[in-house]
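Protein chains: 2
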Amino acid sequence: MQQLLSHITAYHRLSTEAENALQNCFTEITLNKNEFLLTQGNVCRHLYFLEKGALRGFYNLDGKEITHWFGFEKDFVTSFHSFITGEVAVENIQLIESCTLWAIAKETLTELFNQHHDIERLVRIAYEKYYIRLEERYVNAQFKPAKERYEELIQQAPHILERVPLGFIASYLGISQETLSRIRSRF
Amino acid sequence: MQQLLSHITAYHRLSTEAENALQNCFTEITLNKNEFLLTQGNVCRHLYFLEKGALRGFYNLDGKEITHWFGFEKDFVTSFHSFITGEVAVENIQLIESCTLWAIAKETLTELFNQHHDIERLVRIAYEKYYIRLEERYVNAQFKPAKERYEELIQQAPHILERVPLGFIASYLGISQETLSRIRSRF
DNA sequence: TTTAATTTTTGACTTATGTCAAAAACCCAA
DNA sequence: TTGGGTTTTTGACATAAGTCAAAAATTAAA
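Chains as they are written, first to last, in the working numbering: chain A, 1 to 187; chain B, 1 to 187.
No lab work stands behind these hints, which were simulated from the structure alone. All the pointers check out, no bait thrown in.
Selected chain B positions facing chain A (Cβ under 10 angstroms, derived; list incomplete):
1. H81
2. F113
3. Y130
4. E136
5. Q142
Where a beta carbon is used, it is the ideal one built from N, C-alpha and C, also for glycine.
Please build the complete structure, drawing on both the sequences and the hints.
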C-alpha cells in the first residue's frame, strides 16, 4: 500500500484527506501464476495497481493469442476500453507471475472524484502520461522495423526476457516467434 | 464557437459559469492550406479545437515524412507529447486544407482547472476517450494486415480519399504508397 | 535423477510488402 | 486550352517476415 501511495503522489501531491480517502478505497488482491484477472466477455469493473508480479493482456484473433501489453510493478492495469465504456471486454488479463494487486471499483473511484477534485486531477495527469506512452508505442510499432522494436524493448525493460516467455514477447512486438528467435540469433 | 461548445458538452455537461469561463478562453485562428500550426523543435503550448478543415501530424524519419495522424472537424489537436511535457516537439502539424481553429494556451487551461472542477472532469473524460481510441488504432496497426486497415479507414472516414493525398494515407497506414495503390487496384 | 512437457531454434519454402524507375493520370495556372 | 507540375499507377526485382515441420534446448514433474 505504501508503494501505491508513493507512486501516486509522484504523479501529483494529494491533500491528506484525499490521501486517506484513497487508502480506504483500495483492496488487496493476490493471485497465482496463470490465473486470470479478467476474461473476455466480462465487464472490467476495477482498476488495479500492480504492486508485485507480471501479467499480460491478450485477445484471440483467428485462434491465436495476441499479447498486446504487459504489466509490471507500479503499473495501473485494467481493460481500459471495458473499464471506461462499461462494455464487455474483448481481452483477457492473465498473470505471468503470481501478483500482489490493489483494486478499486469504478463506482468507488467516481465517488472519490466527486468528493476530491485532487483525485480527479491525479487521474487526469495519469491519463496524460499513459496517453503519451501509448502514442510512443504506437509510432514505434508502426514505423520501426522489428529488430529495432526488440532492441528498444530490451533497453526499456531489461528483465523482461527472464520473466516473460519469448512467444508472448514476439506477439507483443507484432512478429512471429520464429522471426524473433532469428533476430536474437544474429546477436 | 457554438460547435466547440456543443461538442464539449457532449462529453460532459458543464455548469453555466464553467461554460462561460471556457468560452472566453478560446481564440479563433484561421490558417491556409499547407501552412504549419507547429514545426519540430518548438514547444507546442496550445491545444486546438478544429472547427473546419483538415490537417496532419508528421515527423521526419531518414529523410521521409511519416504522417502518423490526421485531424478533421471536431477533433482536438496538439502535439500531445510536447503540450503535456513542455518539451520541444519532434513532430510537425501542417494543414491539408485551410482551417478554422479555436486555440487555448496551456496555462489558461491550467487556470481553468483550478477554478472549475467541472472542466478538469471534462478533460479527464476527453482523455479517456482519446486513450481508448488510440488503443484501438494501436491494435489495428500492429495486428491487422494493410488491406484491412485501409478498408476500416475508408469506412470510418469515407471522405478521406477526396481530402487527403494518397501518399499521406499510405504513410498513416504504415505502408508504401505503391502498396496502397495496389491494394486499391484489386478493387 | 530421468522422463515428460514446454519453449526455443533451425531449415525450407511462401507470401507480403518495399524499392526504384518510368509511365499514366490528374490538376491547376497562365 | 495547353503545358508543367504533382500525384497515382504499373512493372521488375529485392527483402523482410510468415508458415509449417522438426530438432534442440530448457524447464518442470514424477
